[in-house]
Amino acid sequence: MDSFKKHTGSVTPLYQINIDTDQIIPKQFLKRIERTGFGEFLFNDWRFDSAGKPIKDFILNNPKYKKSSILATGKNFGSGSSREHAAWALHDYGFKCILAPSFADIFYNNCFKIGLLPIQINEHQMEKIVVCSEKDPNYQLTIDLDCQTITENKSGEKILFEIDPFMKNCLINGLDEIGLTLQHREKIRKFEESR
Amino acid sequence: MSPKTMFQKIWDSHLVHKEPGQPAILYIDLHLIHEVTTPQAFEGLRISKRSVRRPDLTVATIDHNVPTTNRFLPILDPIAKQQIETLRSNCKEFNIELYDIHHPRQGIVHVIAPELGFTQPGMTIVCGDSHTSTHGAFGSFALGIGTSEVEHVLATQTLRQYKPKTMRINVAGDLKFGITAKDLILYIINQIGVNGGTGYVIEYSGNVISNLSMENRMTICNMSIEAGARAGMIAPDRITFDYLKNKPQAPKENIFELKVKEWEKIKTDEGASFDKEVNIDASSIEPMVTWGTNPGMVISINEQIPDPNSFPTINEQKSVSKALKYMGLNPGASLKNLPVDRVFIGSCTNSRIEDLRNAAKIIINRQVNDKVKAMVVPGSTEVKKQAESEGLDLIFKNAGFDWREAGCSMCLGMNPDILKPGERCASTSNRNFEGRQGKEGRTHLLSPEMAAASAIAGHLVDIRNW
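Those protein sequences? They're chains E and Z, same order as listed. Quick note on this note's numbering: the first sequence kicks off at 1 and runs consecutively. Quick note on this note's numbering: the second sequence kicks off at 1 and runs consecutively.
What the hints contain is simulated information worked out from the structure, not anything from laboratory work. Please note that a few of the clues may not be correct.
[As the list claims (entries may be wrong)] Computed list of lysine to aspartate or glutamate pairs in EDC-like fashion (alpha-carbon distance at most 16 Å, straight line):
1) LYS371/Z x GLU423/Z
2) LYS163/Z x ASP164/E
3) LYS336/Z x GLU405/Z
4) LYS187/E x GLU19/Z
5) LYS49/Z x GLU186/E
6) LYS420/Z x ASP45/E
7) LYS373/Z x ASP341/Z
8) LYS322/Z x ASP57/E
9) LYS18/Z x GLU186/E
10) LYS373/Z x ASP402/Z
11) LYS439/Z x GLU127/E
12) LYS259/Z x ASP275/Z
13) LYS135/E x GLU152/E
14) LYS81/Z x ASP100/Z
15) LYS439/Z x ASP49/E
16) LYS163/Z x ASP281/Z
17) LYS176/Z x GLU286/Z
18) LYS64/E x GLU134/E
19) LYS67/E x GLU127/E
20) LYS176/Z x ASP281/Z
21) LYS322/Z x ASP45/E
22) LYS420/Z x ASP49/E
23) LYS439/Z x GLU423/Z
24) LYS81/Z x ASP146/E
25) LYS4/Z x ASP341/Z
26) LYS49/Z x GLU93/Z
27) LYS371/Z x ASP402/Z
28) LYS66/E x GLU134/E
29) LYS158/E x ASP146/E
30) LYS336/Z x GLU388/Z
31) LYS318/Z x GLU34/E
32) LYS385/Z x GLU405/Z
33) LYS325/Z x GLU440/Z
34) LYS66/E x ASP136/E
35) LYS245/Z x GLU257/Z
36) LYS165/Z x GLU257/Z
Based on the sequences and whatever the hints tell you, model everything.
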């Protein structure tokens, strides 16, 4: 798994609530058997019209946000289907971090497994980031997972965020969770024997 | 000993390991797999030179991609075909039982596991599919997981989980004439919100719930995820045990009775406390139909479509406006008499035998409206067979419905069953997200009875006047 320690990047504001995984990666792309290459299909039905042409006013088609690597979005992001393809598509497209006031459970867990960092911040903090990044496509943030801070590069202002210590450790060190669990192989065997 | 919730009992009895600051390692009794969310998990096993720890606790079927027309014709979509073949070869390589396309018990994973008796009270059940919550109807802890977690379960037969919070939804009163479990769960989602269940396991209780059939209980638990819940659960009782008895994988004879004694103890103890309690009065519920692009955007058939300005935050107002634009609807209008182009009766929410019987009653000796294309996709090959033995297929076919083979079909449109842009569909499925049933398609979620009546009338109707 990719590790995540510290990242500096600009922000794509997509401030809508309840964005479901069907929007993030529509079902027609779930038939592939690979883990990679989903980025080109990210938000496909919002990005492209029926003829496959880019829809101009969708933020991902705005060249000014092309290099952005942080997605700022609304509450309950990633709701619906459990498809990990949603997290793969965001990561493959180039996003390293998703900021939202809240996430759907399965999506949130999926992100950690692949080295994509989901950060929950409050609506007030979110609105500021959205406004700033809408105004300035080069608005930069530095995310430091170890210190649990989001720093506004220009002002140096910091937001502290909460994150589960286990998930944090796995992400910083790019740990293989299956490997960690298999360290308890003996306990699993005993559990099976006891039933 | 302090009283425990049903969830707590199952959690405690499956704990393999826990230590502070880490998610617990929970043993998994049943791992259901299908073609869409597993190829990358098996590939991961191969790369790490790991094997499947308990193929005997893993069950596979093919449901999402399968065509629902003639099964003997080749699958035209080469990528879908490859995904199906990949599951076949993975099941062979790792020695996993597969209910393949031509197997007489093939079907939607959440329909076949209960009807084969794999799903039992007190179990922990996972599947790389969010509607795994369905199995909670038997008093199990059943949850949807991502592909990395699928790989974790394949390799270790355990899942790492933080203990979710518990919510009890107590449903009192009576479901009035014409009101179904589908109306009830849509109403509940509207009441608690599409993220109202996030972080929780929901236990549904109360007299309305305990009077429901297993089919109806599955409809309720199935849509728990649409409220964001980790899982939904209903205490097992005589109705559960009667359903399970004589199912192929259920314990046999004497052992069954011993098991029942164990299962009876699973229910929540008197006085156990929940992190949250919600009370629902079933008597006030009317036939529900969604108007928007998530299952919480739902009103009764006699209500008016809400005005975006009536929502408290700008973000909600924007979301409602966007949904109405997508759906081609105006605030203040009624859904009653809204013309539909398509009707879909199917999905893991509403494709079981009881759903088909109820829909058939509505359409008997009537004809599907000329302007409507209607289809029935049974949840499993067994449901199809049962329906055919009861003559339900003839009722549907004579009315002008397409009678299909089992699969997920137009619930998510991964196979060729999709809406055309702009088409409006009355659907018994679980998600009305943008593009879910086909790009620019417009989905209205409702009960099988309401869907069947809409097919005949050519528009949405109030089933109580049918």
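To see whether the hints hold, each was checked on the structure:
1. LYS371/Z x GLU423/Z: holds (11 Å)
2. LYS163/Z x ASP164/E: Roughly 13 Å between the alpha carbons, so the hint for LYS163/Z and ASP164/E holds.
3. LYS336/Z x GLU405/Z: violated (31 Å)
4. LYS187/E x GLU19/Z: Holds, because 13 Å separates the two Cα atoms, which is no more than 16 Å.
5. LYS49/Z x GLU186/E: violated (19 Å)
6. LYS420/Z x ASP45/E: Given pair LYS420/Z, ASP45/E holds - Cα atoms ~14 Å apart, limit 16 Å.
7. LYS373/Z x ASP341/Z: holds (6 Å)
8. LYS322/Z x ASP57/E: holds (14 Å)
9. LYS18/Z x GLU186/E: holds (14 Å)
10. LYS373/Z x ASP402/Z: holds (8 Å)
11. LYS439/Z x GLU127/E: This hinted pair is violated, its Cα atoms lying about 31 Å apart.
12. LYS259/Z x ASP275/Z: violated (30 Å)
13. LYS135/E x GLU152/E: holds (14 Å)
14. LYS81/Z x ASP100/Z: holds (13 Å)
15. LYS439/Z x ASP49/E: Distance ~10 Å between LYS439/Z and ASP49/E Cα, so the pair holds.
16. LYS163/Z x ASP281/Z: Status violated; Cα separation ~29 Å.
17. LYS176/Z x GLU286/Z: holds (8 Å)
18. LYS64/E x GLU134/E: holds (10 Å)
19. LYS67/E x GLU127/E: violated (21 Å)
20. LYS176/Z x ASP281/Z: holds (11 Å)
21. LYS322/Z x ASP45/E: Holds, at about 15 Å.
22. LYS420/Z x ASP49/E: It holds: about 14 Å lies between the C-alpha atoms, which stays within 16 Å.
23. LYS439/Z x GLU423/Z: Holds. LYS439/Z to GLU423/Z sits at ~10 Å (cutoff 16 Å).
24. LYS81/Z x ASP146/E: violated (45 Å)
25. LYS4/Z x ASP341/Z: It is violated: about 49 Å lies between the C-alpha atoms, which goes past 16 Å.
26. LYS49/Z x GLU93/Z: holds (13 Å)
27. LYS371/Z x ASP402/Z: holds (14 Å)
28. LYS66/E x GLU134/E: Roughly 14 Å separates the two Cα atoms, so the pair holds.
29. LYS158/E x ASP146/E: holds (14 Å)
30. LYS336/Z x GLU388/Z: violated (32 Å)
31. LYS318/Z x GLU34/E: violated (36 Å)
32. LYS385/Z x GLU405/Z: holds (10 Å)
33. LYS325/Z x GLU440/Z: OK: LYS325/Z and GLU440/Z at ~11 Å, within 16 Å.
34. LYS66/E x ASP136/E: holds (13 Å)
35. LYS245/Z x GLU257/Z: holds (9 Å)
36. LYS165/Z x GLU257/Z: The hint is violated at about 32 Å.
Hint compliance for this structure: hints 3, 5, 11, 12, 16, 19, 24, 25, 30, 31 and 36 are broken, all remaining hints hold.
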